[in-house]
Structures are given as C-alpha cells and as structure tokens.
Amino acid sequence: MVKKRVIPCLDVANGRVVKGVNFVDLREMGEPIELATRYSELGADELVFLDITATLEGRGPILDLVERASAELTIPFTVGGGVTCLDDARSLLRAGADKVAVNRAAFDDPSILTALADEFGSQAVVCAIDARSGEVVTHAGKNARGRDAVDWAREAVARGAGELLVTSIDADGTRAGYDLPLTGAFADAVEVPVIASGGAGEAAHLAAAFEVGAEAAIVASIVHERPERLPELKAELREAGWNVRI
Amino acid sequence: MKVVLADYGAGNLRSVTSALARAGAEAEITTDAATVRAAPLAVIAGVGHVESAARGLAANGLDEAIRDRVAAGRPVLGICVGMQLLFGASEEGGSGLELLAGPVRRIRARRVPHMGWNDLAVTRSSILVDGLDGEDVYFAHSFVVDPTDEAVVVAAADHNGRVVAAVEHGAVAGVQFHPERSARAGALLLENALAWSRSA
Numbered sequence: 001m002v003k004k005r006v007i008p009c010l011d012v013a014n015g016r017v018v019k020g021v022n023f024v025d026l027r028e029m030g031e032p033i034e035l036a037t038r039y040s041e042l043g044a045d046e047l048v049f050l051d052i053t054a055t056l057e058g059r060g061p062i063l064d065l066v067e068r069a070s071a072e073l074t075i076p077f078t079v080g081g082g083v084t085c086l087d088d089a090r091s092l093l094r095a096g097a098d099k100v101a102v103n104r105a106a107f108d109d110p111s112i113l114t115a116l117a118d119e120f121g122s123q124a125v126v127c128a129i130d131a132r133s134g135e136v137v138t139h140a141g142k143n144a145r146g147r148d149a150v151d152w153a154r155e156a157v158a159r160g161a162g163e164l165l166v167t168s169i170d171a172d173g174t175r176a177g178y179d180l181p182l183t184g185a186f187a188d189a190v191e192v193p194v195i196a197s198g199g200a201g202e203a204a205h206l207a208a209a210f211e212v213g214a215e216a217a218i219v220a221s222i223v224h225e226r227p228e229r230l231p232e233l234k235a236e237l238r239e240a241g242w243n244v245r246i
Numbered sequence: 001m002k003v004v005l006a007d008y009g010a011g012n013l014r015s016v017t018s019a020l021a022r023a024g025a026e027a028e029i030t031t032d033a034a035t036v037r038a039a040p041l042a043v044i045a046g047v048g049h050v051e052s053a054a055r056g057l058a059a060n061g062l063d064e065a066i067r068d069r070v071a072a073g074r075p076v077l078g079i080c081v082g083m084q085l086l087f088g089a090s091e092e093g094g095s096g097l098e099l100l101a102g103p104v105r106r107i108r109a110r111r112v113p114h115m116g117w118n119d120l121a122v123t124r125s126s127i128l129v130d131g132l133d134g135e136d137v138y139f140a141h142s143f144v145v146d147p148t149d150e151a152v153v154v155a156a157a158d159h160n161g162r163v164v165a166a167v168e169h170g171a172v173a174g175v176q177f178h179p180e181r182s183a184r185a186g187a188l189l190l191e192n193a194l195a196w197s198r199s200a
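If you read the protein sequences in the order shown, they are chains A and B.
At position 196 of the first sequence the residue is numbered 196 (our numbering), and the sequence of numbers has no breaks.
At position 170 of the second sequence the residue is numbered 170 (our numbering), and the sequence of numbers has no breaks.
In case anyone wonders, no lab produced these hints; they're calculated from the structure.
There is no bait here: all hints are sound.
Chain B residues, not near chain A, derived (Cβ > 12 Å throughout):
{"no.": "1", "residue": "Glu26"}
{"no.": "2", "residue": "Glu28"}
{"no.": "3", "residue": "Arg37"}
{"no.": "4", "residue": "Ala59"}
{"no.": "5", "residue": "Gly61"}
{"no.": "6", "residue": "Asp68"}
{"no.": "7", "residue": "Ala89"}
{"no.": "8", "residue": "Arg124"}
{"no.": "9", "residue": "Leu194"}
{"no.": "10", "residue": "Arg198"}
Going by beta-carbon spacing under 7 Å, a handful of chain A positions derived as facing chain B:
{"no.": "11", "residue": "Ser70"}
{"no.": "12", "residue": "Glu191"}
{"no.": "13", "residue": "Pro193"}
The beta carbon of each residue, even a glycine, is placed where N, CA and C say it ideally should be.
One chain only, chain B, in its complex shape (with noise of 0.2 Å):
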C-alpha cells in the first residue's frame, strides 16, 4: 500500500522510508498537500521541535491537509515529534495540531533525554501494538504527550514514571518510540500500522 511521509524540512526521513519499506509499504517523501490528503496513510516523522515542525507544515498548507485527512476518518501516524504534534501545547514551545486532546511535558527523571531501549506495556488492545506486549523498543526523546483522554493511550514505559509511547483513536495514531530503529519490534509495529490504517 501506498504511504507518503508529510516532509516538515527537519531531518532526514530516509530511515523511516526504508522501514516502511521493509514493512510492505511503498513510501513516498512529499511536501506537496494534495498528495498527503490522496494518501492512504500519512506518516509524520523527523526530529527537532514541535514548534519547528508545526511551522514547518504549515508552510506547505500540510497541517490543513492532515486535519483534512482526519476530519475525513483517513489515518495518520505520527512518530516521535510527529506524535507530539498531534496533541496540544508543547512546554518546549508552540503547539500541534490538536487532534488528539493534551499538551506536551518536559519528562521529569533522573536522566533525561529518556535515551535507549525500554520495555513496552501494552495498556489497551490494538491493532497498533498487536504482539508488542514486553518487547524493547528504541526512545530518543525530552518531552511527552499527556493526554487528557486516557483511553488513547495504547502502551506505555516506565521512565522514573509513566512514559506514554503509543496512542490510537479512530484515525490518529502514534508512537513516541522510533520503529525505524527498533529493530524487529519496530518492524512489527509498522506492519501493525499498516494493518490499522487499512482497517481505521
């Protein structure tokens, strides 16, 4: 199935392409609008800032196209930032898209960036996380999604306290790990994807 990637300007998405590829996917990089609202599922991923990243859509009407995509039951994903610029205010500056309702929080531990492999718990069944249960999977982050709503969490970690690391509600999902770079756990959670988004 077809997956484009929705190009912010941050970072190199190569990675990820090449993951969804592995996954079955064929992805395609873009910063065109009409083409992440033709897409059957839309990736957000790269790294930086939410502030950077929502600026960074919008320069290209992208933001406009995936509230469109949402608004229409067509799915989304985000990964990593592209997670956090699902939800709200981000306390780094700027904020998402609200798609999903909750603002993003500086993580609060002893070590920080939260850097490494951790344990996922899986805390409400999805096709997203399907199988994901326990396994490592890879974090690179400072801030996290706090979500108002409890029932989009999906899976969490445990970083001095509650790191939530997937999230899915009707056509939203997102991870706050990196698939690309977690190894067979990630491959899984994108073929994952790829089952959700044809069913959302």
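Chain A on its own, in the form it takes in the complex (with noise of 0.2 Å):
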C-alpha cells in the first residue's frame, strides 16, 4: 500500500529559506536547494516551499528556486504561497514544480483548479485551505470567508484538486497536535489525498493525523529546529505500526 508521507515545508522569502515568529523577525536560515537536500537524505518524503514574499515582484527569486529545484532535488516538491492567479500556478509548474499549492486565488476563481488540470493533470493541483472553526479563512488567517472548509474542499477536488492541503489555524504553531477534527471531516468527505497541516510537535500528532485519515503530515518548526528529528519521527511512526517510507 502506498505510504504515509512526512513533509517538510519551507518558508522561503527572495529564493531564501526563512524562520520567523509570528511572521516577524524572519531569520535566514540558508539556501533552499541545500536545506531541500538535507530533508530529502534525511528521509522526507516530498517538500514544500512556501513563498512568503507573496508579492508580484518577488517571483522572480521562486521561480529561479523552483527550476533548480526541479533539477537537482531526487524527491516530489510542492510550491504555494502568493499563488495569485491561473498564471502564477502556470509558471511555477513549467518551472518544473511538481505539484503547485493554490489557495485564495481557487477559492475566488475555482476554474483556476479546472484549468491547471486540464493542463497537467490532477496530480499535480493542490488546494491548499486554511480553516479556523471550519471555516473558510485567506489572507494568512486575516479574512473569514463564511464558508465551511469542509463545503469547499468538496468543490475544489469536483473542480480538478487532486490533493487537499488542510491547515488549522487553530493550531497552527501550538506544537498539540493537528486538528484532528477537522482533518478527518476532509479526508471523510473527499476521494483525494488529504495532508494535514498546522500543529505538529511529536510523532504521536503525525500519528493521530493517519487515524483520521490523512495521508500525509506537515512538519515544520520541529524539523527546522534539528533536522535529524525527521528521521527519528519516521523511525517512531514505523515502531507504532504505521507504513512510512524508512
């Protein structure tokens, strides 16, 4: 049976890898192709980059990331953040992204889904939502939007997702745990693969994650903080009885 999967994400701001708290005091962390490299000996199972400087002008610096990227890394990538509109998502695929996360630009505009599909197959489509309360929120939290998460992501995967990238805000950056509720409404509702986002500290939450029915798990600060937790964290789940890739 395919495996569930560990996924680092990375900020990345000007095509570098960035930490911050509460998105301020951003620290550079290093070059995203190094870093990249190191996770993926380390044993993750795909990546994520997300560009934070979510400006029209800063996509220079990602798509420049995104095609070294494509050349160099051995394992999947997914690119988000910023992604304004179908022309954004169309260049960081043909940049050579493997998959490429929509949010807000979807949930205004879900034929942008629909169009990417059509263009490079399902696969490669990722809804990302992000919901507090299960509801709909954009704008990196800021605008509640009135619509339950669970209703949407419905449509999405209708119009073309291939995957859900589902983020609790609720628990994003607490360190207990994933939304455990929220993340297996979704993977109940949808046919998709689900990856759950938002609230990892230890591999009992991945863990909790796969029960509800997620596919995959988000890590973030865990990692960034020691990388070579990433390996302890699969080698925890395999001792629990879950099917990851050692």
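Given two chains presented individually in distinct reference frames, assemble the corresponding complex, making use of the accompanying hints.
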C-alpha cells in the first residue's frame, strides 16, 4: 500500500529559506536547495516550498528556485504561497514544480483548478485550505469567508484538485497536535489525499492525523530546529506500526 | 550514451533530463522527428492527459518517429503518462500509440490519485527492474494501464488492487512511477533503463 508521507515545509522569501516567529523577526536559515537536499537525505517524502514574499515583484526568485530544485532534487516538491492567479500557478509548474498549492486564488475563482488539472493533470494540483472553527479563512488567517471548509473542499475536488493541504489556523504553531476533527472531516468527505498541516509537535501527532485519514502530514518548526528529528519521527511512526518509508 | 526526450509540449522535462544525466546519459529535449528517430534511446515523459499528449506528439510527427523506432527494434521508454501513451484507449479520453495492447483505466481505490511512495514488486525478471524488488518508488497518477498480455508486466504495486508499475516487451518499456523523483531507487531504474536500451 501507498505509504504515509512526512513532508517538511520550508518558508521562502526572496529565494532564501527563512524562519520567523509569528511572521516577524524573520531569520535567514540558508540556501533553499542545500536545506532541501539535507531533508531529502534525511528521508523527507516530499517537500513544500512556501513563498512568503507574496508580491509580484518577488516572483522572480521563487521561479529561479523552482528551476534549480527541479533539476537537483530527487524527491517531489510542491510550491505554494502567494499564487494569485492562473498564470502564477502555471508558471510555477512550467518552471518544474511537481505540484502547485493554490489557496485564495482558487477560492475566489475555482475554474483555476480545472484549468490547471486539464493542462498538468490533477496530481499536480493541490488546493490549500486554511480553516478556523471549520470556516474557510484566507489572507494568512485574516479574512473569514463565511463558507464551510469541508463544503469548499468537496467543490475544489470536483473542480480538479488532486490533493488537499488542510491547515488549521487554530492549531498552527501550537505544537499541540493537528486539528483532528477538521482533518478527519476532510478525509471522510473527499476521495483525494488529504495533507494535515499545523500543530505538529511529536510523532504521536502525526500518527493521530493518519488515524483520522490523512495520507500525509506537514512538519515545520520541529524539524527546522533540528533536521535529524525527521528520521527519528519516521522511525517512531514505523515503531508504532505505521507504513512509512524509512 | 545519447537519450532524447520527445517534447509534446506538456510540463517541464528538466527533472527527467537531469536525472538521466546523473545516470550517465547525454540527454536532449527535442521536438524534431529525425532526432527522435536517430537516438539510441527515446524517452516519452511529462504530465497531463493521454489525449493531449498524443496530440502534442502528432503535431511534430513524433508519433510516427516513435512507431518507426519500435518497428525497427529501437528502444523507447515511457514514463508516467508516457507509459500510458504506449497503450490503447484511455478512460480519460483519447488513445495512445498502441505499441502495447490494452486500455488505460481510471484507478478504483479509496484514494485517487495514487499519490506517494509505494513498494515495487518485481513480477518478472528484467534488466529494467533489476535490484528494485521491494524498493520504494514515487507514484502520482489517477489512471493506469491494463495490459492485454500479462507477460509484458515486469513490476507492480498495490493500491486497493494491483497497479501495473513497469512493463517491458521487445523495444518498448514503461514505468508508471516517477524515477526522477524516486531518490536512489529511481536513479537505479534509469541506470537499468540505459543498460536495457543497449541490449534491447
């Protein structure tokens, strides 16, 4: 059977990996390809690059990064963050991203998902959904959109999304575990794989997300602090009986 | 050795080109039919649908170039959609080159697409999959080939049922997974594919 995936997420600004606390006090953590290669060597199943520059002027560096990552990485990677329109998403895929994560742009215009799926296949189209108390929120958690997140997920899949990246704003950064009711509701509602995001602190949290139906789980701060934590997490998951790639 | 990637205009072939280069090949992306005819190994890779891929190949006469190669016993390797293109009618729409017999069907499983790392089970000994039994490789697809002739299957994976993962018959070979994104096992597959193409 297909294995449960553990996916480090790297925040990128102007082509560099950064780490911040509550989006301020960003510190450079280094060269993205070097860090990505390190995670790959440590057993990452995939990677996510999140472009937090999120301005049109900042798109150049991320495209350069995607081209280099595509040539040099030997595991798949998704690029997201600041995708404002179809052309943005298309240019990231054309530059060599295996998948593109589209969030607000898809919510505002779901036909983007269909256009991307028609050109690149659904497997390349990730719909990222941020939720608070079960409601869709956009703009980094600032704008509540008045729509049930699971209801939007069903539409996104019908429109062409081949995977859902579900982030609980409530759980994000807490290290207290993923939002399990939310993750489970998504996994039950759709046929495509669901990636749990927000709240990872320990292996048991990933196991709990898998238990409610997530196919994959995002890890960020816990592995950025100490990348060697990644193979430990996977070994602990294997020990607990989960089918993960070692 | 020289390897050409037949460019049908979908997606980015850099990852495959780079992976082939790491495996020791001199890889070139081309839309030129004569180049596709002449190379020691031709690869069809990319993303999207069988229908649009077949149309993209035909636009530059690459479909005929590939048929000519196979008729002359010159090796062709299909990757992912490129493997589906080796077969016949697809439930997604359109048809492949029918170099191997059988349809392309939508996967019936709890989770579609079949996305992620899965164990490869070698079902028949072949240079192509030498050393890959039990190795993890990366899949990302919603459709899968259903060969008429079971003997062409050399490796499979399980996703609520069998997924044909690799085929090899005469001068034609294909893999459903992504060797360029399958870490060390993927590198080995590509090295094997180069060795296979020299012997095919």
